[in-house]
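There are 2 protein chains.
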Amino acid sequence: MIDYPAGQQPPIRSGNRFDWAKNKSQPQQVVYGSRGMSLEEQLNQANTYYNQHKIAVIHKKPTPIQVVKVDYPKRSAARITEAYYRHASTTDYNGVYLGRYIDFEAKETKNKTSFPLQNLPKHQLDHMAACHEQGGIVFIIISFKVHQEVYLLPFSKIQTFLTKHTNHSIPYNYIKEHGYICQQGYQPPIDYLKALDDYLQTQP
Amino acid sequence: MIDYPAGQQPPIRSGNRFDWAKNKSQPQQVVYGSRGMSLEEQLNQANTYYNQHKIAVIHKKPTPIQVVKVDYPKRSAARITEAYYRHASTTDYNGVYLGRYIDFEAKETKNKTSFPLQNLPKHQLDHMAACHEQGGIVFIIISFKVHQEVYLLPFSKIQTFLTKHTNHSIPYNYIKEHGYICQQGYQPPIDYLKALDDYLQTQP
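Protein chains in written order, with numbering that gives the first Met the number 0: chain L, 0 to 203; chain U, 0 to 203.
Because the hints were derived from the structure by calculation, they are not lab data.
Don't take every hint at face value.
[What the hints assert, rightly or not] Which residues of chain U face chain L? A few of them, derived with a C-beta cut under 8 Å, are:
no.	residue
1	Lys53
2	Tyr84
3	His86
4	Gln133
Even glycine gets a Cβ: it sits at the ideal position worked out from N, Cα and C.
Turn these sequences into a full structure, and let the hints steer you where they fit.
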């Protein structure tokens, strides 16, 4: 048995989307697990992995910033000297997988028993509903930090919940029952497309 | 016959995607054509139109900005005091239409006879190729300002051109022959999804 360094997990791939032996062009990287990484960093690494291995093309959108003042010094790059963060009107991630449109938002919570819905502002829910209506594949990725678990929850399950409940949060047990657990590992740190495959298999 | 103000064109819709008479919720706007608008403004208005009428959900991505310094003054919003524009690693626009993933870049040129390929840097072509390979619908919108014409050129036609030619620009005649002209009008200012429909009809 191979002895992996603390915090590092062996590269496990289910299916044959990627043959490790053939992958000579990949630089050897020492990655000590994903413990120190934020959810965003883990997802960015997963997206880089999916992109490099031609599994999907999914990117995080840039943070929207309202630029107020710009200096144009001679012989150097334009320098923004006053700007403000704006609220995103859409979700953070989108792209293409199996020819389909993928759209999702990712959230971390320290809560043990539920996912507070204040994490999903109305304009994001509206955007998700619009994409869902157009036939896109829409979901949220929820990381329960205390449980060290990451779930993919399809937007349709959020809609169902919202029509039946007036709660301000989705219970952990609802997510455990209706969501799809994302394997965490070496590369990708969070294999959310594997969880998406599990969901898509249940779809007609 | 209705006498439209100079520069304003009548609302012509082919197909029945939108019934003007029923559209009571739309505020009455006086828009004097699209002459003064940049290509980006025209496309943003088209996207708002498509979104409001549930035809498609397509957005321009925020401009990527590298933030270096941020002030956090008391009782007011975080203020970015040093930041720089970064090069986009993807295209500017993406979204969902007919359940499919849509990805495109939009460019204006003052050139009469060709579209200079320096307008499409390698990393954007690579991104377009990757999305195309994943089954996305990928194209560029080219506005020839002198001709007052806007074309949708499918990525596959760009690929074909690039494999056969070593030119540094795509001739206007090639775009006229292999592209799809976009109707310009009142709302949407540029009906590029109509041009996309024309293209998709030719696809198996």
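Each hint tested on the structure:
{"no.": "1", "hint": "Lys53", "verdict": "holds (7 Å)"}
{"no.": "2", "hint": "Tyr84", "verdict": "holds (6 Å)"}
{"no.": "3", "hint": "His86", "verdict": "violated (11 Å)"}
{"no.": "4", "hint": "Gln133", "verdict": "holds (4 Å)"}
Checked against the numbered hints given earlier, the structure breaks only hint 3 and satisfies all the rest.
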